[in-house]
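Single-letter residue listing:
Protein chains: 4
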Amino acid sequence: MSEAEFREIAKRVSNWGRWGADDERGALNLITPEVVKRAAGCVRRGRVFSLGLAFGADGPQPGGGIRFNPLHYMSAIGQPIGGDGLGFCYSDDVVHMPLQCATQWDALAHVHYGGQIYNGFSAEEVLTSSGASRGGIDKAAADGILSRGVLLDVARRRGVERLAPDVVIGPTDLDAAAKAAGVEPGPGDVLLVRTGHIRVFTEDRDRTRFSGAQAGLGIACADWLHERDIAAVCADNVAVETLPGAVPGMVIPLHMLCIRDMGMLFGEMLDLEALARDCAEDGVYEFLFSAPPLAVTHGVGSPINPLAVK
Amino acid sequence: MSEAEFREIAKRVSNWGRWGADDERGALNLITPEVVKRAAGCVRRGRVFSLGLAFGADGPQPGGGIRFNPLHYMSAIGQPIGGDGLGFCYSDDVVHMPLQCATQWDALAHVHYGGQIYNGFSAEEVLTSSGASRGGIDKAAADGILSRGVLLDVARRRGVERLAPDVVIGPTDLDAAAKAAGVEPGPGDVLLVRTGHIRVFTEDRDRTRFSGAQAGLGIACADWLHERDIAAVCADNVAVETLPGAVPGMVIPLHMLCIRDMGMLFGEMLDLEALARDCAEDGVYEFLFSAPPLAVTHGVGSPINPLAVK
Amino acid sequence: MSEAEFREIAKRVSNWGRWGADDERGALNLITPEVVKRAAGCVRRGRVFSLGLAFGADGPQPGGGIRFNPLHYMSAIGQPIGGDGLGFCYSDDVVHMPLQCATQWDALAHVHYGGQIYNGFSAEEVLTSSGASRGGIDKAAADGILSRGVLLDVARRRGVERLAPDVVIGPTDLDAAAKAAGVEPGPGDVLLVRTGHIRVFTEDRDRTRFSGAQAGLGIACADWLHERDIAAVCADNVAVETLPGAVPGMVIPLHMLCIRDMGMLFGEMLDLEALARDCAEDGVYEFLFSAPPLAVTHGVGSPINPLAVK
Amino acid sequence: MSEAEFREIAKRVSNWGRWGADDERGALNLITPEVVKRAAGCVRRGRVFSLGLAFGADGPQPGGGIRFNPLHYMSAIGQPIGGDGLGFCYSDDVVHMPLQCATQWDALAHVHYGGQIYNGFSAEEVLTSSGASRGGIDKAAADGILSRGVLLDVARRRGVERLAPDVVIGPTDLDAAAKAAGVEPGPGDVLLVRTGHIRVFTEDRDRTRFSGAQAGLGIACADWLHERDIAAVCADNVAVETLPGAVPGMVIPLHMLCIRDMGMLFGEMLDLEALARDCAEDGVYEFLFSAPPLAVTHGVGSPINPLAVK
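Protein chains in written order, with the numbering used here: chain A, 49 to 358; chain W, 49 to 358; chain F, 49 to 358; chain Y, 49 to 358.
Among the clues, some could well be false.
Copies of the same chain look alike in the list, so a pair counts if it works inside one copy or between any two.
[Stated by the list, open to error] 20 Å max Cα-Cα, derived EDC-like pairs, lysine to aspartate or glutamate:
| hint | residue 1 | residue 2 |
| --- | --- | --- |
| 1 | LYS85 | ASP330 |
| 2 | LYS59 | ASP132 |
| 3 | LYS85 | ASP271 |
| 4 | LYS85 | ASP326 |
| 5 | LYS227 | ASP106 |
| 6 | LYS227 | GLU56 |
| 7 | LYS227 | ASP326 |
| 8 | LYS59 | ASP71 |
| 9 | LYS227 | GLU82 |
| 10 | LYS85 | GLU51 |
These are calculated hints, taken from the structure and not from any lab test.
Let the sequences and hints guide you as you build the complete structure.
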């Protein structure tokens, strides 16, 4: 793909200015009260699925780069606090972790190109050692992220437990999965795309391979997502999109189109296995999805424990 | 209060063994599918309230102890990642923070007495430099925390914006607030008690006073909560209960009774102001409450961004 | 002082290019083997003085900014490691701390102006989220920092225990202190300038005042230091130079002239009290000075425990 | 070796009570002013060798446990601080690192057995989440660690560049190396034992093997060290002593005898290669050794940049 072709797609899917020149929430604006109400209406059985990985030394990071597994310290262990003969005690702890180390949201300021982040803010001005003054995860946290979730089980649709690492998911896959699910993804929805890749970590415990080549959305999905006014996309792989990517010379190009141009958050490393099994069983692929980011001031991401409620 | 009297209450409200000898989820077990369905049914207008404080240098900790405000670092700032002339870049970040520094859940292992945490596990065995092997927040995270939330606006009920620091909230207050709210708190509900104390931080920006003497639940509330099978209690102060406490010689005794004996999580430092205004306006004090803890392995707490959806 | 005047001094004291276009060690190059031998010759009584503050929660940082006191965690506490009946155990720990939080060296990359650090390297290229690729403390650590130390006890010379906060130390003070010390500061020496300001922290325990207005070297000292080819300057205050500074509109101008133009390291927050008492007693103000920085890769500073040996 | 035999050696080499019941400095007490003077007298050529590894992402830790390589963050990058047209800027940084991650001292509280650390202090009382209230590295830092250093180049003595991983260094090796060095190790000396193992890291860059089986001192060295009143022992391997150890069922038994019973600090992971080459060339194996630990409050170790000056 040429730079010109890329720019053409970017122009087509851009949401810059759509919600005002100062907007920092992007496609989350699509989650209207109507959408939230529809989301609540999806709760039929009262069953809650936690889609988050554990945050600990056993996490998915292979180490060696700027992302590592959470370091957890006890700052107080059974510290006495009175109660005389009763022996009252408390314990406290501290975590040191990359905001991108496990299940997480990418904030709008997480990626950029052409010197600008979403909505045209100058990357040089916005991004400093103090964090992201614009497009940070704190802006996304202000109204939570709660909407209707729709599972697109591409792996199942293709008849496998895990997609092969070189599979590039395209609009056809998304359409087929949506059709199989009996759901029409629409404005404000959060899409959960299942590749089965999470099993490389959760079953094989192979962190290096989990971080390596993997199936994911291809660049052709940008238009598909834009046309449907999807609010956010999550997946059970590392980057939502395929890695190392299907476009020679371009690293994570879909991040650029979705996060930077469309203003759409990506949710990464969700464990969709139990949810997918349940959806296959009852044939219901829509649910209430709740994944409120922590309001980390000027953060470019947030660890989460997303919930799907059916 | 004598130690004997304390032990008597403890015995009365204890849930040890109620959900099995190995149980580590405590009162969260009360959030049944029925309760979750009822919670979803509370969503009428689709309005979402984020109840979490920001996690940053401007947080509520006055510093000087083992709790401090989050430290946030950029591990990558606009790092080039290809895209040639397009100039693709990404940014990553890291947080270093006490799990108890702002809006948060106390896990069951957070406090104990008599050498035992909830359900009788040995504190000495459970609590080490590796964290809490039992009763950790990871156990609470497994099914999320999503239920019906009920706001008990005690400050409003008493006709003030903020309760005076020496106010000890008792069962009468809870009953009056529930009656005013037109809601009958019941099994599996999450209670949100408003004291107005959060304003000392959010309005006055007085961290020292925010951490000092404050209104909160008194020890007499233990029975009230137990009789109604409440799943968890949150408040807009530092410790849910009153500080320094109404029982001479006992520090955070309600923590001991609720967390250690009843197996009930406490949610602390929620900002309930906007939600309370809305409830006062429409007269509806129940809502869907979603506050999934991060699954910090063996953690004794978790930062959260709780959502109330009306 | 006008910008033009500042630039004139800068030009006069500049050491750029003096040790080659690639040099990253600056004035440390002045510590020749001859200087080191002379330093060793200063050891007469075998008495060692530790000049470092403690690195812990009780440190000098008042908090609230990007510098805070060290956070120390036990990652293992009496962890059993065999030995059967003997009960072998070990303990490990972790520190989280600003490299500038207590007694420390400023590396050459710590400050810059005009877009260039010492020796003309581009600040934009050198300084990234990965640290300082040029002029880092790792470059200074390569041969340690061990030389002859000379104490210039300006406070004593002026007849006070502590200089008043508005005292600007000038060349006359340095000359007088050197004369009183009976020492001629020369090439490769490390100067230790005593203001007595450390007592605001060590005696008064007033962190806010310790970080506030304070006596220190004035901008006129730049030429004096340069003419004598001093290798490094240390002091018992926060910034070696006076704060908020004697030059209107300029913050830490002496840092700029010494570190950026002369390539000279600053050692800050040394506790010189015991050493100064000893020097006053025996009349000997020269000694072996050893303050090896940690080789923090691309760090812009290093915590130290400097030793003076008489 | 039976537990009884171990206890017999322990009793023989014990220094408990030797420097008073409250002593927390152990064998460092042997570094008298006379010893320090003798150390300074070893400086003949003025050549300084830095023996410390770099503290950075490229450090020796393979990861996966509680020890990891230092994490370094820029808390300010070229932050403007006035100077108007001159454009003054500063940069600051923060490190997060295990005190045992690279070149370091083990404090006396680092290991214990039988419920007691050096000098009989109760391990349970001393070691908490607040660190080591007794026998911490802060106690060793009070007078620095500067003494005569003696290199015992066991690898060279045995005619190899690196000792094989299963070599257990015994008194015979130490005697032979000392004889070859023409030095008589004595009271207050710091021994530097060279195994060549550091090359597994510095040359092979094999962190896993560097942390694995390795040559080092055997348990028989305890008496030898004690008889000569050595102040501290350093080596170029991970644990000074051989790993996994020559005594079945006992992990790091020499740590126990030296640190806990003799009160002797261990210096680990020193890079002795350049120093050893120099000693082989000029035939001089004694030097001034300066390795002041950081006074980390209640720390059980400290990163260092040790210097040898010939």
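Hints, one by one, checked against the model:
Proximity of LYS85 to ASP330 under the C-alpha cut-off of 20 Å is restricted to the inter-copy arrangement: shortest distance 17 Å between copies versus 22 Å within a copy. With identical chains, the CA atoms of LYS59 and ASP132 are at most 20 Å apart between copies only, with a shortest distance of 18 Å across copies and 69 Å within one. Taking CA atoms no more than 20 Å apart as the test, LYS85 paired with ASP271 passes in neither setting, with 27 Å inside one copy and 36 Å between copies. Proximity of LYS85 to ASP326 under the C-alpha cut-off of 20 Å is restricted to the inter-copy arrangement: shortest distance 17 Å between copies versus 23 Å within a copy.
Taking the shortest Cα distances, LYS227 and ASP106 never come within 20 Å of each other, neither inside one copy (37 Å) nor across copies (48 Å). Proximity of LYS227 to GLU56 under the C-alpha cut-off of 20 Å is found in neither arrangement, the shortest distances being 29 Å within a copy and 60 Å between copies. With identical chains, the CA atoms of LYS227 and ASP326 are at most 20 Å apart within one copy only, with a shortest distance of 17 Å there and 40 Å across copies. When the C-alpha separation of LYS59 and ASP71 is checked against a cutoff of 20 Å, the pair qualifies only within one copy, where the shortest distance is 18 Å, while the shortest distance between copies is 48 Å.
Taking the shortest alpha-carbon separations for LYS227 and GLU82, neither the intra-copy value of 23 Å nor the inter-copy value of 30 Å comes in at or below 20 Å. Taking the closest pair of Cα atoms, LYS85 and GLU51 never come within 20 Å of each other, the shortest separation being 41 Å inside a single copy and 50 Å across copies.
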